[in-house]
Amino acid sequence: MIPELGNFLLIFSMINSLLLISIAFIYPPKNKRFFLSASLVTFLAIFLSFIALEISFLTDDFSVLYVATNSNPNLPIYYKFAALWGGHEGSLLLFLLILAGWILVFVFFHRDHKYSSAFMNIVLFSLLAFTVFLSNPFERLLPISSISGSDLNPLLQDFAFTIHPPMLYMGYAGLVIPFGIAMNFLLNQEKVKQLEPIRSWSVVSWSFLTLGISLGSWWAYYELGWGGWWFWDPVENSALVPWLLCTALIHSSIATNTRQIFINWTLALTILSLAGSLLGMFLVRSGIITSVHSFALDPDRGIFLLLICFVIVILGFSLFFLKSYSRGLKTDMGIYSKEFMFFINNSFLVTLSVIVLLGTIYPIIYEIFSGGDQITVGAPYFNLVTIPFALILLFFQAIGPLTKWGGNKIDNLNSIGMIILSSIILSYLVSNTFFSFSFYEFVGNAIVLILVQSLALLIFKSFHSKRKTNLSMIAGHLGLAILTFGITISSLNSVEKEFVIQKNESVSVGSTTITLENTQKVQEDNYYGDRVTFSFQEEDRVLKLYPERRFYPASRMETTEAGIYPSIYKDVYISLGQKIGENAWAAKVQIKPLVRFIWLGAIIMFLALFVRTNIKFK
Amino acid sequence: MKIYPLLTFLLVISIFGLLFSQLFLNSGIEEFNQKKLAPFESNLLNGESFTSEELKNNSLSLLNVWATWCVGCRLEHSYLMELEKKGISIIGINYKDDKEKAFKWLDQFGDPYSENIFDEQGKIGFLLGVSGAPETFLIKNGDSIVMHHMGVLDEQVWNNKFAPLIDK
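Here the protein sequences come in this chain order: A and B.
Under numbering that gives the first Met the number 0, residues 0 to 617 are what the first sequence spells out, in order.
Under numbering that gives the first Met the number 0, residues 0 to 167 are what the second sequence spells out, in order.
Keep in mind the hints are simulated off the structure, nothing from the lab.
Glycine residues also receive a C-beta, built at the ideal position from the N, C-alpha and C atoms.
The reader is advised that the hints may include incorrect statements.
To be verified - Facing chain A, from chain B, some residues (calculated, C-beta under 7 Å):
| # | residue |
| --- | --- |
| 1 | Pro4 |
| 2 | Leu6 |
| 3 | Val11 |
| 4 | Ser13 |
| 5 | Leu17 |
| 6 | Leu18 |
| 7 | Gln21 |
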């Protein structure tokens, strides 16, 4: 009964959403509260439908196909709750819930936007239709059999997993809002002021995308047992592309808000970032690309999703070219001006995202033109082509905050020059003394130093002026500096070694000596396996690590649990390979200096969302 | 100035065109001629032994990976029974399962398999590249994997993916 009710509510919200669109365009209502009440009804219907599915999960109603394939009676209640978004249909419902929520919040704050919510509802409606007709989570498994449910994938029985998708979806869905605002502006051709909310909405989306992506990266680091934090996996890439475009959108809309420039950039970027987010959804959910994340699905769904994405991109660009390109505003850009910095920012970020997207879909293109041969594009390509671009971009973002709007004002040039010079010298010294010198290390550290000094100078100056200071911006950029530092040091100074080791044997990796102490069997409620104890000397303490190999009988999966010794300065990371003979194990040890800085930086970038933007120190 | 809209639309259409065409290609026939089947030895559910050499007696053999814990397997079971009635021989691989439950399942729902390999630890599944159940393989001459379908096997999948290869 409850699943049918949920299904009914989902269909109801779809019809409601369609009504809102038709009324908005055919007979625009005079009463501004119309959109608010319509959005509220849609949201409530989806919310109740979400609750209905949760009830099915919590009561182990295995007559619902989706529950039967994604849950298990022995699962802890917390994971039962989160299992709702463990598969394709349920995660889509979560996405719809978040999207409807964002639309409601937007309409609440901006009731004067005539068409914005209608355009947002076009996206909502198409995805609702997709869910109802092609991915219905309420489908029954009939005739009802006494199946006890399969299981939530053991890799996903984890805290980071349970919050990773909701955070990411907050970001993805949030990108629909700037798109709606931009479309409304194009159709109405009213004041540029109507574009103002784009900035805060893109910042919100961006923050949640940052958090979602870094949670995923953290999860991969400790759960997959490979010791990497970024794999250039197609699904990671399809989250990175909207993130890059959204970064560009934030900056572009700042320029639009304060100087009324880059209007076309901003408008185009809203379309592109939404397209990136929908295309990402398509790549993950159509099964066109194989990856850790992909849901194996039938091609019908892929075609429908791709069609949605195509229609929205075409709609966006048609409006964009029909309505706005006559207004090509020429912007005066001196080479030391903030305008120029923002231009660099926009064009480089778009280029970077195109590079990443091309690398991701290149295997598909190759397969078509080579008549079925398959290749994969891996980390070497991405590192080779993205790192130089990223470094140049990072350099400009390091000096960018110090530049000023309007023309070539050179009064800051001295301080910028000093900062660059001192950073280069310092970075050279640091790279030479503490690490084995390499070009990328030197460049990476120099950029981090420039950025940190710029931000310090900005704060210092704001204590002496009456101007408002954007502390949120400073925090966000500081997070990026910490992240860049972590990436530079950990990628260039990690040591790793693979070996076969027996009881009481020792192996030295870098400056650390690791000993296998003993092996024991472990047996828990939901798994059994082997636990191996390793010990190593850290300064004057002896530390122990316990990597495991586990077998989960319910889902018949074998997993490896890495043994990780975390510290601010370095991580010692041991993952077990196969057991060889009676007492010997294949193992891999990695020592990763400053790897924690990567997630620390990302968390600071996210927290910057909550820092006040306008602060007067004086 | 008019060149930008044109370029944009051309780009958009070509990217989407490529993705669309790939989707349609994917739904058609796939061949993995280069994929070889690693030789294996195992027991059948009834206790007899089985080696992959036996597959070489037939030009084509159909392997179906199943388990009693797998919901999808229950879904495709009735279609497998239909195939069996049509005279198509299916070799089952009972994957990471319990012998007793497996027999009970076959008693209750019917046995579409000519033989059933008992892959208790998933070793054969590993050799085949199984990531879960149900999965269905078409093996040519006992040594190469011509088709690997992940997910439920139904009439549509059969007609699109398997029937054209068998007819050839």
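Holds or violated: the hint that Val11 of chain B contacts chain A, with Cβ atoms closer than 7 Å.
Holds, because the Cβ-Cβ distance from Val11 of chain B to chain A comes to roughly 6 Å (cut-off 7 Å).
How about Leu17 of chain B: closest beta carbon in chain A under 7 Å, or not?
6 Å, holds
How about Ser13 of chain B: closest beta carbon in chain A under 7 Å, or not?
10 Å, violated
Tell me if the interface restraint on Pro4 of chain B is satisfied: Cβ within less than 7 Å of some Cβ in chain A.
4 Å, holds
Chain A contact restraint for Gln21 of chain B - C-beta distance below 7 Å:
5 Å, holds
Any CB of chain A closer than 7 Å to the CB of Leu6 of chain B?
Violated. Min distance 11 Å.
Can you verify the interface hint for Leu18 of chain B: is its Cβ closer than 7 Å to any Cβ in chain A?
6 Å, holds
Going through the hint list in order, the structure does not satisfy hints 2 and 4.
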